[in-house]
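Now for the letters of each chain:
There are 2 protein chains.
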Amino acid sequence: MTHQPFFYDVTLRDGNQALKKPWNQSEKEIIFNQLVSLGVQGIEIGFPASSDMDFDSCQKLASMAPENVVVSVLARAVENDIVKAAEAVRHAHKPRIHTFIAMNPLGLEHVLKKDIHEVTDIAIRAVRKAKELLPNGQVEFSVEHFGDCRDNLPDVINAIEKVVEAGADVVNLPNTVERFRPLEFVQMVEQVHKRIGGKAIVSVHCHNDLGMATATTVESFFHGASQLETTLNGLGERAGNTDMYQVAVALHNMDVKMPLNMRLFDKTAQMVSEMSHVPIWEKMPIIGGDVLAHRSGIHQDGSNKTKGLKKGQYIAFDPALVGRDDGEYLGFTSQSGKSALREIYENAGYPITLKETEMLMPFAKKMAEQKGELSIEDCDKLYREHLCAVAGPYQYGAFDRIQQGRYVLTYTENGQKKETVGYGYGPVEACVHGLCSLGVAISILDYQQKMLRGEDKEASEAIATIKLAQGNKECICHAIDRSTTQVSIKAIFNGLNQLEKQ
Amino acid sequence: MTHQPFFYDVTLRDGNQALKKPWNQSEKEIIFNQLVSLGVQGIEIGFPASSDMDFDSCQKLASMAPENVVVSVLARAVENDIVKAAEAVRHAHKPRIHTFIAMNPLGLEHVLKKDIHEVTDIAIRAVRKAKELLPNGQVEFSVEHFGDCRDNLPDVINAIEKVVEAGADVVNLPNTVERFRPLEFVQMVEQVHKRIGGKAIVSVHCHNDLGMATATTVESFFHGASQLETTLNGLGERAGNTDMYQVAVALHNMDVKMPLNMRLFDKTAQMVSEMSHVPIWEKMPIIGGDVLAHRSGIHQDGSNKTKGLKKGQYIAFDPALVGRDDGEYLGFTSQSGKSALREIYENAGYPITLKETEMLMPFAKKMAEQKGELSIEDCDKLYREHLCAVAGPYQYGAFDRIQQGRYVLTYTENGQKKETVGYGYGPVEACVHGLCSLGVAISILDYQQKMLRGEDKEASEAIATIKLAQGNKECICHAIDRSTTQVSIKAIFNGLNQLEKQ
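From first to last, the protein sequence lines stand for chains G and H.
Going by the working numbering, the residue at position 480 of the first sequence is 480; the numbering climbs one at a time, nothing skipped.
One gets the working numbering by counting positions in the second sequence from 1 and adding 1000 to each.
The shape of chain G in the complex, shown without the other chains (with noise of 0.2 Å):
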């Protein structure tokens, strides 16, 4: 690529202005302060003649803008709002002034009721005199409407020539409302900047009436457009602004230099929804709740199969590149598959093999119908159930310490009780002596315990997983258990009744 994005942030004015309740001055600054942080390059941060409310909240703003960062305020093409404009705007380090208007036919006839040399003359009378109130200021020219200037396009890039002749730093191509596919608008930002790339710099603001406002954006960019108007979580008027964090991880994939700090878009989603009381969307793309979630058992599969690569074969970016450190998200359902199950127990800290998730999948997929995507309490239930509770010929009852090294294994063995003590240096290692001095000849291959995560439960529990052999059989066994003793012991009897399986 040869040139680099403009990120033009137009939260504070087109997403202001769209809210139910707009921002007060506090929450206008903590927004301000995170489009900084951010990396935004330009903030547009209201427009000062539309209240005096309005109008202090700029001036504010703009003496709170660090050096690099442009700050624009919005004027309609009437010199009071231009007066106004600079007015509010002269402190900032590098102010600018955006003023507009329409050219699109409709616009003309039935709005504006001017042709567009009428127009064309008021615009250059405006960018004439935000230039003469801001010397040393940008100004920032909109054709409002021109995604619908497909009609009279030449006139209007003739316009373009004129505005930019008058002083406009920045053109401004609106698709002010998205009424058609996103190639013909594509198409018309191309010729304005064949005409005047390098005398100014082409931008776009594209809305999202029909869904397809990113798209738009980021195709502008390959084709001439180097500031893009963007906001955070899509906000603003109808069905909102091109969003920004869209925009950016799509240009970040096509490998362009990203200005942004994009750990923080996360963050920023979430704060900007509180603020603005317009909730993430859960399938946002992005930001979304569930768009980390996989839910085929195919999806699955290929998640796990990529997982740790560069890329990965369900997931368009990095989660941790937008700061989702809760990373991609396999939930169970009807429709998944044993990689999700697996993951989930690997997840949650239930040590479980390929073979004992196969044994539980028709109980899950049963359960999972019933009642919709598993929680990790239902997946503990099935554990417990299934794989901690095995049934069969051996059933535990009793295991005491006499003395150091000595102690007593009561159980039943079909039916028919069974006393014996065992001497170990540990409780495993007495329980499988004594197991031993009744003929039941066990030994332990491997052995772990730990503690099951569960912040919630009053107590902790342990988990216990054993690999046991009896002959030339070989199972592996596990209990969950309050005791550490006792975990281990009652894992010793899941095994025992396994083995008598095979």
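Rather than coming from a laboratory, the hints here were simulated on the basis of the structure.
Take these hints with a grain of salt, some might be off.
Claimed, not checked - Below 25 Å or equal to it, Euclidean Cα-Cα: the simulated SDA-like pairs (lysine to any residue) are: (1) LYS371/G - GLU1118/H; (2) LYS311/G - GLU1118/H; (3) LYS305/G - MET361/G; (4) LYS310/G - ASP1151/H; (5) LYS338/G - ASN1080/H; (6) LYS366/G - ASN1024/H; (7) LYS1020/H - GLY392/G.
Chain G is already provided as a structure; the job is to place chain H on it using the hints.
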């Protein structure tokens, strides 16, 4: 356009598999019937090999399909899946088996661990098997992860050509994970179309990971794809599949003849949201609760000035097109203008003039700055306070009928108590007569009274609007009261105080 879109819906497969609680059979049937009502030409109903439940469900749905709808089931490119698929779908009038395998370098290397030639052979065998088992049906073949095949595209296109030769009727090109910019994908689609167009139908199936699925689908249509795979409400894995409503409205706006019954969109969206437990995001294009709202003054003015025209200045489509009878909506916030305020009053049945609206503006702005978007109750409060309780020298006391056509009126003027008897056919005439007899020479130029809407109110109220003249002064005055007599007299006193100020 030389081709028409074929809408192929995957809500029951891709949508359902991503739900936290996938649908049961009766829910699937409701969705299926709704898709038929919408006029969708193809419906993918499930994945028979994934579970017995899914198999049974597919058999049932296939048997319900009307004659003109293609009914399709998913199958991996393995014999067992294809056998089950054929069995599940064979009783449909127009059955189709949709088989697939990944061909992207990442999938070949890490998931399938096979090269493109081996995978091509698998695909060919799968397509042949499907053709053999379903001689009167169609076979659709998907290159899973087509969007990730930039680096081996020539190989993939060769593979596609062989699969078409083996009998595939439809070649579907999924953007299984949206990773790159739309035009790259679209150009790849175009290349496939150039090679196999005429021999097979080209289809696209886009996911929305970066928020560009609608654009990618729409542009693909204009570059050779005629089958468009979409879902209701954009349901689907992660950030979902391409949303049907957005694609349809975008194509409609591009003058493409629409096979769908778009007027059912809004109702369908509400139904799907309820059944899927996935809420409709308030800013979701086309169907979102908030996307017909205009909150800034400039937008509200433009919207009003183009109301009733074929095209609105700030709306991408006629809301009625998609069954939204609520239409455009003007919300009043601190960013809003007088057009909005006036329209809110008029819509709620409050007579108001432009001048009165201007008078209310500062109070409305102040209230909105404090509490956000004004409710109709807030507007009612402002109306009563500022238009129905005009302070001034005249204070109404009482007005009672003594006998037919004879009334006694008491009031104060600058604190001084007055009493008069007025004669008239009705109370208004009698009041005017009574005032005249005390030297307050007024006349009624216009008179209107109506019931104030407000269904929750305990008792209905009347609102009176009177045009009053005194000498060469005129005014409009209002009052609200439960008595249809009192309301008129109170309006006259509001008018007297107004005239006094002129």
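(request) Tell me, in ascending order, the numbers of any earlier hints that this structure violates. (result) Structure breaks hints 1, 7.
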